[in-house]
Amino acid sequence: MEFTISKKEEAFREELKTWLSENLPYGWMEGKREIPTTKEEYSKFLRDWQRTLYEGGWAGIAWPKEYGGRNATIMEEIIYHQEMVRVKAPPLINYIGIHMVGPTLIRSGSEQQKQKYIQNILTGEEVWCQGYSEPNAGSDLSAIQTNATKDGDCWIINGQKVWTSYGHLADRCFLLARTNNHPEKKHKGITAFLLDMKQSGVETKPILQMDGNQEFNELYLTDAIAHDADIIGEVDEGWKVMIELMLHERVGIGAELFSLEMRFNEMVEIAKEHHVNEKPLLEDRFVRQKMAEFYARYRGSLLNYYRNLTNTLKKGHPGPESSIDKLLVSELNKEMASFMITIQGHHGVLWKENAPVDTVWQDEFLASFGQTIGGGTSEVQRNTIGERVLGLPKDRGR
Amino acid sequence: MDFALNEEQEMFREYLRKYLNDVGQTKVARNFIKGDLQGFLDIHSGLTDLGCTSINISEEYGGLGLSSLDLVPFFEEIGRSLLPGVYLETMAFAVPLLELYGTTEQKENYLPQIASGSKKITLAWLEPNKSFNPDEVECSAEINGDSLIINGVKTLVSGGDIADIYILLVRTGEEVEEGLSLVLVDHSEEIKRNNLKCVDESKHLAELKFNSLAVPINQVVGPINQGWSLLQEGLLYLNAALSSQMVGGMDRVVEMSTEYAKIREQFGQPIGRFQAIKHRIVDMKLELETARSLSYYANWTLENSSDDRAAAIYSARSFAAEAYIRSASQNIQIHGGIGFTEEIDCHLYLKRARYFENYLGSSQDYNEQVALALAW
Ligand SMILES: Cc1cc2nc3c(=O)[nH]c(=O)nc-3n(C[C@H](O)[C@H](O)[C@H](O)COP(=O)(O)OP(=O)(O)OC[C@H]3O[C@@H](n4cnc5c(N)ncnc54)[C@H](O)[C@@H]3O)c2cc1C
Chain H
1 MEFTISKKEE
11 AFREELKTWL
21 SENLPYGWME
31 GKREIPTTKE
41 EYSKFLRDWQ
51 RTLYEGGWAG
61 IAWPKEYGGR
71 NATIMEEIIY
81 HQEMVRVKAP
91 PLINYIGIHM
101 VGPTLIRSGS
111 EQQKQKYIQN
121 ILTGEEVWCQ
131 GYSEPNAGSD
141 LSAIQTNATK
151 DGDCWIINGQ
161 KVWTSYGHLA
171 DRCFLLARTN
181 NHPEKKHKGI
191 TAFLLDMKQS
201 GVETKPILQM
211 DGNQEFNELY
221 LTDAIAHDAD
231 IIGEVDEGWK
241 VMIELMLHER
251 VGIGAELFSL
261 EMRFNEMVEI
271 AKEHHVNEKP
281 LLEDRFVRQK
291 MAEFYARYRG
301 SLLNYYRNLT
311 NTLKKGHPGP
321 ESSIDKLLVS
331 ELNKEMASFM
341 ITIQGHHGVL
351 WKENAPVDTV
361 WQDEFLASFG
371 QTIGGGTSEV
381 QRNTIGERVL
391 GLPKDRGR
Chain P
1 MDFALNEEQE
11 MFREYLRKYL
21 NDVGQTKVAR
31 NFIKGDLQGF
41 LDIHSGLTDL
51 GCTSINISEE
61 YGGLGLSSLD
71 LVPFFEEIGR
81 SLLPGVYLET
91 MAFAVPLLEL
101 YGTTEQKENY
111 LPQIASGSKK
121 ITLAWLEPNK
131 SFNPDEVECS
141 AEINGDSLII
151 NGVKTLVSGG
161 DIADIYILLV
171 RTGEEVEEGL
181 SLVLVDHSEE
191 IKRNNLKCVD
201 ESKHLAELKF
211 NSLAVPINQV
221 VGPINQGWSL
231 LQEGLLYLNA
241 ALSSQMVGGM
251 DRVVEMSTEY
261 AKIREQFGQP
271 IGRFQAIKHR
281 IVDMKLELET
291 ARSLSYYANW
301 TLENSSDDRA
311 AAIYSARSFA
321 AEAYIRSASQ
331 NIQIHGGIGF
341 TEEIDCHLYL
351 KRARYFENYL
361 GSSQDYNEQV
371 ALALAW
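Sequences listed follow chains H and P, in order.
The working numbering numbers the first residue of the first sequence as 1 and each following residue consecutively.
The working numbering numbers the first residue of the second sequence as 1 and each following residue consecutively.
What the hints contain is simulated information worked out from the structure, not anything from laboratory work.
From a predicted model like this one, the values you see are computed outputs, not experimental measurements.
Even for Gly, the Cβ is constructed at its ideal location relative to N, Cα and C.
Please note: incorrect hints may appear among the correct ones.
Pulled a few chain H residues facing chain P out of the computed Cβ check, cut under 10 Å [unchecked claim]:
hint, residue
1, Ile5
2, Ile156
3, Gln160
4, Glu293
5, Asn308
6, Lys314
7, Asp395
Label pairs and their calculated CB-CB ranges [said to hold, decoys possible]:
hint, chain 1, residue 1, chain 2, residue 2, range
8, H, Val276, P, Glu201, 44 to 50 Å
9, P, Thr104, H, Glu10, 49 to 55 Å
10, P, Asn133, H, Gly57, 58 to 64 Å
11, P, Arg264, H, Glu234, 52 to 58 Å
12, P, Ala276, H, Met246, 25 to 31 Å
13, H, Glu273, P, Asn133, 56 to 62 Å
14, H, Lys7, P, Asp365, 55 to 61 Å
15, H, Tyr26, P, Leu100, 52 to 58 Å
16, P, Asp365, H, Glu273, 25 to 31 Å
17, H, Glu273, P, Gly337, 53 to 59 Å
18, H, Gly56, P, Glu357, 40 to 46 Å
19, H, Glu234, P, Val23, 38 to 44 Å
Counterexamples of contact, computed for chain P against chain H with all Cβ distances above 10 Å [to be verified]:
hint, residue
20, Lys107
21, Glu127
22, Asn151
23, Lys197
24, Gln269
25, Gly272
26, Val282
27, Glu289
28, Ala291
29, Ala316
30, Glu368
31, Ala371
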């Protein structure tokens, strides 16, 4: 049992730290962390950031060298996330491209597809989104109805997707559509398309979220066109490609976990500084008890993650236990943010520029609800853990 | 990064599991409840043969010279089988204190006998109607030449009737904390021992009465009047091991629920298909794994004298204590009517969980220790 990191990994961290201090957007390190809010400026700001990462050799670090990556080890990837969280780096606009679509293309894409997409994913020139969920297919993704019909070497796609993150900014979509009907086996007959978003048959409508942001969208497909060459994997076998795509997230919820750790530490600082009845909040018995409990839970989640990571390092890929990490972290995040608001008293209802401590907590609390739904709801995670980790009988109908 | 027990530790766990399976796991505790002390003593010598009682004793005193992490499989496995005894107090309190602070004579006298399984030690701290606070220790030891004269009563002494030696917290001076000492007292006829009934019947508790008992002064562990700080050091070891012992119990509880949910059918299907059951077991599993990670790390910090050891150990302890009660309770519910019977082990785990809940301090006390350790 050891938690040390090697000299090489330490050097990697130092290199990244130095690079970040020299290349983060102007004023970022000093705390001026503002991202423009209009769609165009927002998109440009984040694309520029990704371009900077790319030029410094810090985009897609886990990718093989021949595709522009660094062949980073899992530990290096972890360090990468730790450092990005530490400096509160701007979000990666092409997260889906870099962490999911790119690696899938590298493994299973055709030569032509690699030529066409890989480079632009890294540079941020082409931002990707994922089109899975539909109004009638959420947790039960195999119920998708969006269909693609063949017409010569073209596919005509019709239907509606929903909750498409980054859809309004994206140039390309990793889209699942039905190409065949197997009422008995619903996950058969689904095909994965690499769809061009910049065409008249594709329309996005941003959806206003409960936290005030507009990050996800409705996505309407009306005679949208894809070609044979845009299919990844085999026709009717898109389910497999999607499963593969998820497996590429080899460091799992690392980044979220490191953010949680940072927020915990910030929470402690606030509870030290914030006074109620002339006493620091942290001296309040109730607050201390709760915070000590949160300490155990966040440390426990982090250590669980390291234990699962140890398995991943041994086996080369994550096991079903990674669902445990996702469930623990997203639920804990929600409770911690909630607690932070509770202890602000009635002032906790103040928001934005009037928020008493840091508006981050109000935002975080609201945003935390997305994390227990997106990427598989907590209930679905529990099913996965129950069935795949504990071996309990499967839900009927699946 | 390697956060897992090593191969030897896992192998040792397998040996132990097999041995305890062969003797019927909780059967030992059940027979002990019925009054069969000999059955337990037989298992004790079996465990001694496997090396369990010498793990963390240094080689020069007949031990294996291993460390806290090597105790983890042992404590998890005895937690799983609800084994009676005073292993926690002997292996994870007396041994580290003797190794760290014992005189050569004390080490020579006690460590080989612990290693060979012939001596068992427990801790006598609490007094009737008192708390664990230092100002409430009244049991006194007066210096009289080369002797200490002990007067007072200790209660709720774990394994009081099977232990051969007590480590007694006694008042030797005026100062609240720096007037306390730890002293090794061999059991003798002069000590009046009264057994107390315990909800967890696989745990024997005793009240000990000392009436001008003379003990040689060289039986004091560490410097005189420094007992309280020694006790704090010992509690780190004890609680790290205790968290592992609770993890072992929880592991079995989750396993029982999972197994039962797979085979029990109602409404034409295994109950494990109902999410009210499935999700509950998953939540138990999450707490189990969290507790396990915390306990591994707690024991790692001891082995590596890490700065965060107090926070790590006490958070492991209080998390595990709370989680153990929750999962042992759910386990009963998941078993339905049969879970309410004496015949099924469910209740034994719940009772053990309750026994540990406030042992040597409450979860709130230990949370407060965490807060202090973090300089809050
Ligand atoms: C912030 C955010 C970003 C997202 N980004 C994307 C994206 O980029 N692309 C994309 O395709 N989708 C995206 N989604 C959609 C997300 O994947 C779905 O919301 C999610 O899978 C749940 O589907 P649903 O919303 O239809 O809810 P439902 O599936 O209708 O679920 C409703 C409730 O029923 C429960 N439930 C459903 N099935 C079961 C079951 N078998 N057992 C127990 N309970 C069950 C759920 O847990 C939930 O509580 C995003 C969602 C969010 C919140």
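So the hint says 55 to 61 Å: do the beta-carbon atoms of Lys7(H) and Asp365(P) match that? Since the Cβ atoms of Lys7(H) and Asp365(P) sit about 43 Å apart, the hinted range of 55 to 61 Å is violated.
Status of the stated non-contact between Gly272(P) and chain H (beta carbon gap over 10 Å): violated, 4 Å
Note whether the CB distance of Asp365(P) and Glu273(H) lies within 25 to 31 Å or breaks it. holds, 27 Å
Say whether it holds or is violated: Lys197(P) keeps its Cβ farther than 10 Å from all Cβ of chain H. holds, 32 Å
Does the Cβ-Cβ separation between Thr104(P) and Glu10(H) fall within 49 to 55 Å? violated, 43 Å
For Glu289(P), which was marked as not at the interface, is the minimum beta-carbon distance to chain H over 10 Å? For Glu289(P), whose nearest Cβ neighbour in chain H is about 6 Å away, the distance does not exceed 10 Å, so it is violated.
Quick check on the hint: Ile156(H) CB to chain P CB, less than 10 Å? violated, 40 Å
Restraint check, 10 Å cut-off on beta carbons, for Ile5(H) near chain P: Because about 7 Å separates Ile5(H) from the closest Cβ in chain P, which is inside the 10 Å limit, the hint holds.
Falls inside 52 to 58 Å, the C-beta gap from Arg264(P) to Glu234(H)? Hint violated: Cβ distance 42 Å, outside 52 to 58 Å.
Consistency of beta-carbon spacing, Val23(P) to Glu234(H), with hint 38 to 44 Å: violated, 56 Å
Can you verify the interface hint for Lys314(H): is its Cβ closer than 10 Å to any Cβ in chain P? Constraint on Lys314(H) satisfied, holds at 8 Å.
Holds or violated: Asn308(H) as interface residue toward chain P, Cβ cutoff 10 Å? At 9 Å from the nearest chain P Cβ, Asn308(H) passes the 10 Å test, so the hint holds.
The structure does not agree with the numbered hints 2, 3, 9, 11, 13, 14, 18, 19, 24, 25, 26, 27, 28, 29, 30 and 31 stated previously, though it agrees with the rest.
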